[in-house]
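**Q** Heads up: the protein sequence lines correspond to chains A and G, in order. Taking the working numbering, I'd label the letters of the first sequence as residues 1 to 346. Taking the working numbering, I'd label the letters of the second sequence as residues 1 to 346.
Treat the hints as calculated values from the structure; they're not laboratory data. Just so you know, even glycine gets a beta-carbon here, dropped at the ideal spot from N, CA and C. Please note: incorrect hints may appear among the correct ones.
Claimed, not checked - Footprint (simulated), chain G over chain A, 3 or more residues, beta carbon under 8 Å: (1) 36–46; (2) 99–108; (3) 117–129; (4) 134–146; (5) 160–169.
Claimed, not checked - Residues from chain G that keep clear of chain A, each with C-beta distances beyond 10 Å, as calculated: (6) E25; (7) D53; (8) T57; (9) T58; (10) G62; (11) K63; (12) T80; (13) S109; (14) A132; (15) R161; (16) E242; (17) E287; (18) R316; (19) R331.
Number of protein chains: 2
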Amino acid sequence: MTAVDPMPSATKVPDLLARARDLVEPALRQAVTRLDDQTRLVASYHLGWCDEDGRPTTGSSGKAIRPGLTLLVTEAVCGTPDPGVPGGVAVELVHNFSLIHDDLMDRDSRRRHRRTVWAVWGDATAILVGDALACLADEVLAECGSPYAARAGHALAVATRELIRGQVLDVAFEQRDDVGLAECVDMAVGKTGSLLGASAELGAILAGADPATCEAFRRYGRELGLAFQLVDDLLGIWGTPEQTGKPVFSDLRAHKKTLPVVWSLEYGGTPGQELAAWLAETGDPSEDDLQHAAVLVERAGGREWAMAEAAERVRRAGRALYVGGVQPANREQLDQLAQFVAERQL
Amino acid sequence: MTAVDPMPSATKVPDLLARARDLVEPALRQAVTRLDDQTRLVASYHLGWCDEDGRPTTGSSGKAIRPGLTLLVTEAVCGTPDPGVPGGVAVELVHNFSLIHDDLMDRDSRRRHRRTVWAVWGDATAILVGDALACLADEVLAECGSPYAARAGHALAVATRELIRGQVLDVAFEQRDDVGLAECVDMAVGKTGSLLGASAELGAILAGADPATCEAFRRYGRELGLAFQLVDDLLGIWGTPEQTGKPVFSDLRAHKKTLPVVWSLEYGGTPGQELAAWLAETGDPSEDDLQHAAVLVERAGGREWAMAEAAERVRRAGRALYVGGVQPANREQLDQLAQFVAERQL
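Put together the whole structure using the sequences plus the hints.
**A** Written out as C-alpha cells, the structure is:
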C-alpha cells in the first residue's frame, strides 16, 4: 500500500467521526428514499431523522462508528475517504438491520432514548424493515460502480452471517446457566467483531488495497469490535441512562450473559458464586437487587478484567496493522480511534 | 441468443422440476452446511430434510419451482443448465427466508403438513434463520466464480426488496377494509412476481444472455408469478389440506385479502356485498360460516375471474418471451412450465 500524508493529528476522534457522518449521511438518506413509504418512515425514525409521524427531528442519529471506521481506513489506504462512502452506507445499513431485529428478539423497548421500532409499529414491521435495510445494503454496494464492489459485497455477506451467528448464540445463552467465557467471547466476536471487522475491511477493499492489507484491517476491526463490546457490557451495568439510552442495569435485569458477568461466574470466587445464585433467582428484581448484583460483579473482578481486556484488544488491533505492514503514518488515526472506543464514557 | 436443441418435448413438467431439484439440491445442502449447528438444524427441518431432532426424513421438500425456472432458462439460453445452479440455490434460499419470516408474521403454524419454524423454536429463531438464509444466498452467488455473479447478485437484491415491499403491503392490508384490486395485484406482483421474475432473470444472466434477453425472461417470470399467486389464492379457498398442507379455508379464516376475494368485493354485486359484511364480522367463524363465505366468492364471480386472469397471465408470460426475441425452440418448455403452474391441482 502507498503511504500518504496522515490527516492532521490534532484532529480529535469525535471530529473524525462527525466528518465521516457528514460524508456518509447524504448517501445513506439517498439509499433510504428507495424504500416504500411505510418502510422509509420507519427506517427514518429508527435512524433518528424523524419522529413517529415523519416530522423531521434534529436529534442524534448515533455515533456512526462503523462508517467512520470505513472512511478512516479508505483514507489511510488511498488518501481520500470518498471511495469508501458506499461501504460506509452498507455497514451502517447492516448495523441498523441487526439493531431492529435484535431489539425485537430481546424485547428491548428503548434505544437512543426513544421507543424501538417493534414497540411503536409491532413485530411484523420490525422484521420487514430490518429485512429491507439488509437488502438495501447489498443494492448500494452492487450499484456503486467501484471495480471492487463485488469483493466488498462478498466480505459484507460473510460478516453479516457471522453477525447473525453471534445473535443465535446470544439468544441460546439466555436459556442456559453454564455459558463459559470462551463461548461468550466467541459470541461477542460474532455480534460485534464481525461487522466492525467488515467496516474496516470494506474501507480497504474499496480503496483498492491488496488482499493481505484488507485482511490486516479486518483483524484490526475485529479486535476493536471486541474492545467496543467489552465497554458496551460495562456500560450495560454501570452506565447511566444518559450514556446508554436504556434504563440503568438493563443487561442485569435481562439476566444477560455479558462478558464481565461470565468472567465473574467462571473466575470470580465467592462473589462469583453469589452472583450465580442471584442470576438463578426468578421474578422481577428491585433496584436494590440490581445494585447488589453490580457490586458482586465488581467484587468478583469482572469489571477490572473487562477494562483490562478492552485495553488488550486495543493493543492487538494496533498490532494487526503493524504485522500487516500498514505504514506508521497511516496507523495513527486508527490507533486513536481504537483508543477512543475503549475509553468512551467510562 | 443462440438457438439450441430443445429438451425432448415428451418430458413432462414435473419431471423437469424433479431434474432441476436433483441438480440444485446437492449445492443447496452444501450451502446449508456452512451455517452454525443450530441454524443448520432449523434450516434443514424447514427444507424438509430432517425432523425437529435432526433425524433425516424422506418427505417432500417442496416443488422447487423457482430453481426449476432458473435452470430451464439457463438451458434455454446456453444449452446446459449447469451455470444456473448457483442462481437456483440463491433464489430457493431467498424464497425460504421469506417463507420463514412470513409464517411468523402471519402466525401460520403449519406449512407442508408440518409445524412452522416459529411454532417449533420460537420467534427469535425464526427471525435469525430467515436472516441467515437471505445472507447465504448472497454468499453463494458471490462465490460461484461466474463472470456474471455480480450482476446476478444485484438482480437478486432488487427482487428481494420488491418481495419485502409486497409483504409490507400484505401486512398493511390486513388492517384495512378498503383494499382495491389494483393495490392487491401490486402486492402479489411484489410477493410472488418479483422472485419468480428474478428466478428466470438469474437463469439468463448466469447463462451470459444479453440485457434485453434477461429482461424478457424477467417479465416472463413475473407474469408466471402472478398466475402462480392467483392459483395459490384459489387453493387457499378451495384447496384441500392434502393439496396445500394447511387447514381448509385457511386464507378466509385469516380474513386475507386474496385476489379472488378483493375482486369479489369490488365487482361482485350483491354476493360481493354479503362477502364484505361477512368479512366485517369478528370472532372465530365455524366451518359452515367459512363454507358460506367460499360460496359467496364463487357467486360473486371471484373464482371464475381468478381462473381466467391466471390463464391471461400465462399468455402474457409467453408473449414476453416472443417479444424478447427468444427462439420458439427455446420457448417450448417454458410455455409448458407456465401452463403447468396455472393448472396445478385445480
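**Q** Taking C-beta pairs only, is G/D53 more than 10 Å away from all of chain A?
**A** At about 16 Å from chain A, G/D53 clears the 10 Å cut-off, so the statement holds.
**Q** Do at least three Cβ atoms from the stretch 134–146 of chain A come closer than 8 Å to Cβ atoms of chain G?
**A** Coverage by chain G holds here, the residue count being 7 at a Cβ distance below 8 Å.
**Q** Between the stretch 36–46 of chain A and chain G, see if three or more residues pass the 8 Å beta-carbon test, and mark the coverage as holds or violated.
**A** Result for this restraint: holds, n = 3.
**Q** Compute the least Cβ-Cβ separation between G/T57 and chain A, then decide whether it is above 10 Å.
**A** Holds, because the least Cβ-Cβ distance between G/T57 and chain A comes to about 23 Å, which exceeds 10 Å.
**Q** Would the non-interface assignment of G/E25 survive a Cβ cutoff of 10 Å against chain A?
**A** holds, 21 Å
**Q** Report holds if the minimum CB distance from G/A132 to chain A is greater than 10 Å, and violated otherwise.
**A** violated, 5 Å
**Q** Please verify that the nearest CB of chain A lies beyond 10 Å from G/K63's CB.
**A** holds, 24 Å
**Q** For the stretch 117–129 of chain A, count the residues whose Cβ lies under 8 Å from any Cβ of chain G; is that count three or more?
**A** holds (count 5)
**Q** Test the statement that G/S109 is away from the interface with chain A: the closest C-beta pair must be farther apart than 10 Å.
**A** At roughly 16 Å from the nearest Cβ of chain A, G/S109 sits farther out than 10 Å, so the non-interface label holds.
**Q** Checking a non-interface call: every C-beta of chain A should be farther than 10 Å from the C-beta of G/R331. Is that right?
**A** It holds; G/R331 is separated from chain A by about 30 Å at its closest Cβ, greater than 10 Å.
**Q** Taking C-beta pairs only, is G/E242 more than 10 Å away from all of chain A?
**A** At roughly 29 Å from the nearest Cβ of chain A, G/E242 sits farther out than 10 Å, so the non-interface label holds.
**Q** Taking C-beta pairs only, is G/R316 more than 10 Å away from all of chain A?
**A** holds, 25 Å
Violation of the numbered hints given earlier is confined to hints 14, 15; the remaining hints are satisfied by the structure.
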